[in-house]
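*Asks:* Each chain is listed here by its residues.
There are 2 protein chains.
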Amino acid sequence: MRVMKHPAMHEISIEQVFYALSDPVRLEIVQKLCRTEEASCNALDGGRPKSSVSHHFRVLREAGLVWTRNEGVSHMNALRRRELDERFPGLLTVVEAAIFARAGANAA
Amino acid sequence: MRVMKHPAMHEISIEQVFYALSDPVRLEIVQKLCRTEEASCNALDGGRPKSSVSHHFRVLREAGLVWTRNEGVSHMNALRRRELDERFPGLLTVVEAAIFARAGANAA
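Chains as they are written, first to last, in UniProt numbering: chain A, 1 to 108; chain B, 1 to 108.
Fair warning: there could be bad hints in the mix.
Residues on chain B that point at chain A, a partial pick, calculated with CB under 7 Å [to be verified]: (1) I14; (2) F18; (3) L21; (4) W67; (5) T68; (6) G72; (7) V73; (8) G90; (9) V94; (10) A98; (11) R102.
What the hints contain is simulated information worked out from the structure, not anything from laboratory work. By construction, the Cβ of each residue, glycine as well, lies at the ideal position given by its N, Cα and C atoms.
Working from the sequences, and respecting the hints, build out all of it.
*Replies:* Pasting the structure below:
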């Protein structure tokens with residue numbers, strides 16, 4: 001199984017982070033990761049085909065938002081919360097609030 | 001002179017806002033608008049040709065970030081700060097901090 005590449009925090013830009021968050025599928029993945037320590041791709045993909053979501057996971061990884069590790073045949077994903085909080089203080093908190101407000105609005 | 005269209009705040013999505021912020025030219029415009037009440041396109045375009053920046057102003061308007069009004073032959077632009085703060089509490093504050101941190105890093 002190939003090893004995933006993850007950027008160092010100083011390598012990521014705020015533009016990249018915003019771009020990664022500009023898609024509803026990726027926002028849904030981030031929203032789920034906000035509520036859990038770690039989750040498999042299967043638990044996060046909303047039943048979408050692997051071919052369609054693997055791109056989104058890559059964008060999230062390359063933007064520094066998500067860390068993916070291999071566990072057996074699964075990929076386990078986690079938000080890089082501590083590092084993101086250091087690099088862009090407060091960002092993840094407001095992003096979470098906005099995502100959950102959005103989810104509430106969509107459900108209403 | 002044509003009248004600019006602006007979405008109502010309930011019409012904009014957080015994805016759109018993040019997309020609008022995912023480009024360095026648009027971030028630069030937002031950064032300048034953070035420091036001023038209102039500014040003309042000329043004062044914000046960083047000397048870029050009108051053909052290139054008018055697209056960026058449109059993206060910012062359509063995402064609900066910027067309000068543009070005609071004043072004589074100029075377009076005057078302002079952040080929709082109060083409305084954005086109501087719709088996505090805290091977002092603009094963190095965005096500003098991230099943009100200015102980024103500007104500092106770029107200048108260093």
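*Asks:* All hints, please: hold or fail.
*Replies:* Status of each hint after checking the structure:
1. I14: This hint holds: B/I14 lies near chain A, its Cβ roughly 4 Å from the closest one there, short of 7 Å.
2. F18: At about 4 Å, which falls below the 7 Å cut-off, the nearest Cβ of chain A leaves the hint on B/F18 intact, so it holds.
3. L21: With a minimum Cβ separation of about 4 Å from chain A (threshold 7 Å), the hint on B/L21 holds.
4. W67: violated, 20 Å
5. T68: violated, 21 Å
6. G72: This hint is violated: B/G72 lies away from chain A, its Cβ roughly 34 Å from the closest one there, beyond 7 Å.
7. V73: With a minimum Cβ separation of about 32 Å from chain A (threshold 7 Å), the hint on B/V73 is violated.
8. G90: holds, 4 Å
9. V94: holds, 4 Å
10. A98: holds, 5 Å
11. R102: Holds, about 5 Å.
The earlier numbered hints that this structure contradicts are 4, 5, 6 and 7.
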